[in-house]
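Each chain, letter by letter, is given below.
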Amino acid sequence: MSPATWVTLAAVLAIAGGGALSTRALRWGLGAQAVGAAALGGAGLWCVVGRAASTPFVTGAVWAFGLDPLTGFFLIVLAASAVPALLFATGYLPGTPAANIVAPLTAGFVLSLVGVLTARSAPAFLTFWELMTLLPAATILATRHQASARRSVFQYLAITHLGGVGVWVAVLLVTAHDGLDASAGMADAGRALQIVVALAAVVGFGTKAGLMPFHSWLPRTHPLAPSHVSALMSGMMIKVAIYGLIRVLFEWLGAEPLWLGVLLLGLGTLSAFGGVVYALFQHELKRLLAFHSIENVGIIVLGLGAAMLFESQGRPEWAALAFAAALFHTLNHAVFKSLLFLGAGSIDKAVHGLGLDRLGGLLRRMPWTGGAFLIGAMAIAGLPPLNGFASEWLTLQSMIHVVTGGAGADPSTRTGGHVLIAALAGGFATVGLAMTAGLAVLCFVKVIGLVLLGPPRRPQCADAREVPWPMATATAVMAAMCVGLGLTPGLVVPRLMPLLPGLPATASPTGLTVASLPGIGTVEGGLSILGTGGLPAGGMVIVVGGLFAVLLLARGRRRAAAAPVWACGQRVDPVLLWTSSGFTKPVRLIMEAVLRPERLVSVDEDRGVPQAVTHEGAVPHLFDTALYRPVKARALSAAAVARRLQSGSLRTYVLYLLALLVGALALGRWL
Amino acid sequence: MSGQVVAAGVVQVVGGVLLAPLLPGLIQHIKGRLQGRRGPSPWQPYRELRRLWSRSPVDPEGVTIVYRLAPPLVAACVGGALLLLPIAGLSPAWPLGHDALVLVSLFALARFASAVSSWDTSGGFGLMGASRDLALAVSVEGLLLAVLTAAALPTRSTDLLVLSDAGVGAAAWASPAHWLTALAFTLVVVAETGRQPIDNPDTHLELTMIHEGPLLEYGGRDLALLQWAAAARHWIVLVLAIELFAPRPADFAARVAVLAVGLPLLCGALALVESWQAKMRILRVPRLLATGGGLCMLGLVTWFFGGRM
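In the order they appear, the protein sequences are chains A and B. The numbers in our numbering rise by one with no breaks, and the one at position 388 of the first sequence is 388. Quick note, our numbering runs 1000 ahead of the 1-based positions in the second sequence.
No lab work stands behind these hints, which were simulated from the structure alone. Predicted model, so just to flag it, every value in this text is computed and none were measured.
Residues from chain A that face chain B, not an exhaustive set, calculated with beta carbons under 8 Å:
{"hint": "1", "residue": "Gln397"}
{"hint": "2", "residue": "Val419"}
{"hint": "3", "residue": "Gly427"}
{"hint": "4", "residue": "Gly454"}
{"hint": "5", "residue": "Met540"}
{"hint": "6", "residue": "Arg555"}
{"hint": "7", "residue": "Arg558"}
{"hint": "8", "residue": "Phe583"}
Chain B residues, not near chain A, derived (Cβ > 10 Å throughout):
{"hint": "9", "residue": "Glu1048"}
{"hint": "10", "residue": "Arg1050"}
{"hint": "11", "residue": "Ala1253"}
{"hint": "12", "residue": "Ser1275"}
For every residue, glycine included, the Cβ atom is placed at its ideal position computed from N, Cα and C.
Work out the full structure: start from the sequences and follow the hints.
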């Protein structure tokens, strides 16, 4: 066994022990879990740099576990999200209801994530997959007793289990056709079966990842969990679904059909754009963040779709780059989304309530948490020089190169329907992703403004105090990671590129080296890629930061006293302050035809004199009203029909048995 | 580093920093003439900058460091973007690289800084401008990326230097995609420079401001930085329009000459559009920009059918 395996085993023991310990000594138990999670990250790093041998998957009803570079990468992502979350929990959990139940459940949740990632056989994978779904539900039920919360948990379990059928179908079909351990995957299994497996995987893993249109559970459930569990769910659980998707589509399927890449681009664009659009109109911070998880999963899936299209175009270097973009965004999203969820937890702890229109002025009052939250918000908005920008840059470049892929200078090479289809899909995805980035900036400007800046809009916000050090440190560390990863894409991306399964045979035993791919190099911590102008992240910071410092010095100090804000001579009363819905109104009006916002103004009149005016506005979630509700209604009526079969009469059941037997015999004979 | 590269670098820095304010000045001047007035002198922006630089700024009450850092950050982002611009297809090896998407992202960071500063003051007019600016930026960025994608077709590159060289000579104009993309880029020019019919830079009515709204509270050197940044954005967008889409020969000196002639011509064209178009309803703007996006997609399709004229 390699050292990485030993470290992983020790980490698993530490997390399990920490979970057991945390029922009695809460802080020590959570600390032990954090140490275990950090060790997992170390083991993962060991695997990614290629020092550990890869354990292959095995077919059959056996329990098998092991490591390989892809698992290692996701263990790093797990550590990046879990270590700060557990550190945060040492300050956050004590004093909250059911803390000594939540802490061991957290350990169990982390272990189930590790189980899915290290599983090397179908039974192990599916067992931990189900545990991973159930444990967060248990955590929510332990802390929330309202009927609405229980209903949301039920919806979560119902939707993820219905969608989860896809996971079972895909994994079991792959196992049944020896796709797990064959190097060519299911290449010989026939086209029809490959289509079934691919679609089942997209539905199954897509549901768990929160990919639109299978996302309905995500914004209901993530906000309910305790903040550190929300961070783990958004930071890691949906990433494990991405891991499963990668295994099935890239490793076990054994084919890179064009239509699948186009399908992934379409779903990715829908998720990215739809997620951010609905995020804009949320009025509760954690719910807003949950919608942004849908957006970011969309961006990750865009990268995967592009990788698939590049493979079908025969461009391995861009396939590896697009794949690396998806993985890099996976890591980045785990960091900044966990940071934002933890920051939201800190803010909730400090001011009790996360309604966006009832916060304000927290940057001044909670400088550490507020500062970290500001950096996280800039990172998720894809602004340079932070990590979100680096991975979105690479994803956008991949989209553009999908379009130009079939576009040589020679017109004769450009014809053919499949080239045009890929190019058009890439073109729409490029525009969609660019607009998504613009909307994300709008959304997080709003969040920063309403949460951190301006006057406090509630007495509790005026008296807010900085949270205890473990919580403030956890968010500060993650903010530093946002900056660090943003400045060093050149160190990260080349190590992620060889993780693409099935790179061409020129690969060395430890995987393809960057040097063997044409036109890709690193420069000043950034990337230099042929076909782009390069992303020298460090150089950008030096130039723009240097200019900024010079201009700051040139401007000099303030001399005059402060004066009131210009409001046409009025005093700015709290009722005149801008709200969340006010700031997003232009977008709401522009997209009115699609979003169908609801607005109700009622005027209470007494003999022609208005006494009171009430205004209600909402942007309904169209997926719920137009997709889920009709499906649910049909399913219920179908169930009502099916119920007639259950007559309760023994004779009828005997008849059913007979019919079943005859049917099975006939089927056996006929097949 | 050859002499031409040094010359390109000098034009980048000197032109971007010193000549940029001349562009909005020129537009105002020509616009005045077109409207039968004498109009302000083209040098008026320089006088304003000098006056503003000599004054001490006044902060609104209750602002944080975010408000104070925004103007230098906006100017630094635009200053960085100046160095990304190709001049006659050349640029010294600044540590920024020369990628088109990096330029877009620096503009986004500048927009972010100015919008966040208006949340810091919480003044209604600033936020009104910021919310409109960001909402329109969504469509502008989408269109800009569509244009860049279509422009990247012949060379398979988003490198600004490569893109600039690809449009040299008559060959590029043989494909309809180039025509359609150039047409779409004119919409980007109008939107990014904040000119009519999309925005009205001359407005003194707070309710109609877009780009000017978040600047409302600033004064003194802060405002000078922000106004210079607005002028430098004119420079960047117009130079980009010429570098990517103007018909021009391959010779370095001739390309610089095209730049020198093209910039005043484009200023005249913008002034003409401003005099003849009223500001459109803000909700109509995305539709106009979507038309540009449609043109790019059409260009894409013609390209893949091997379209030649």
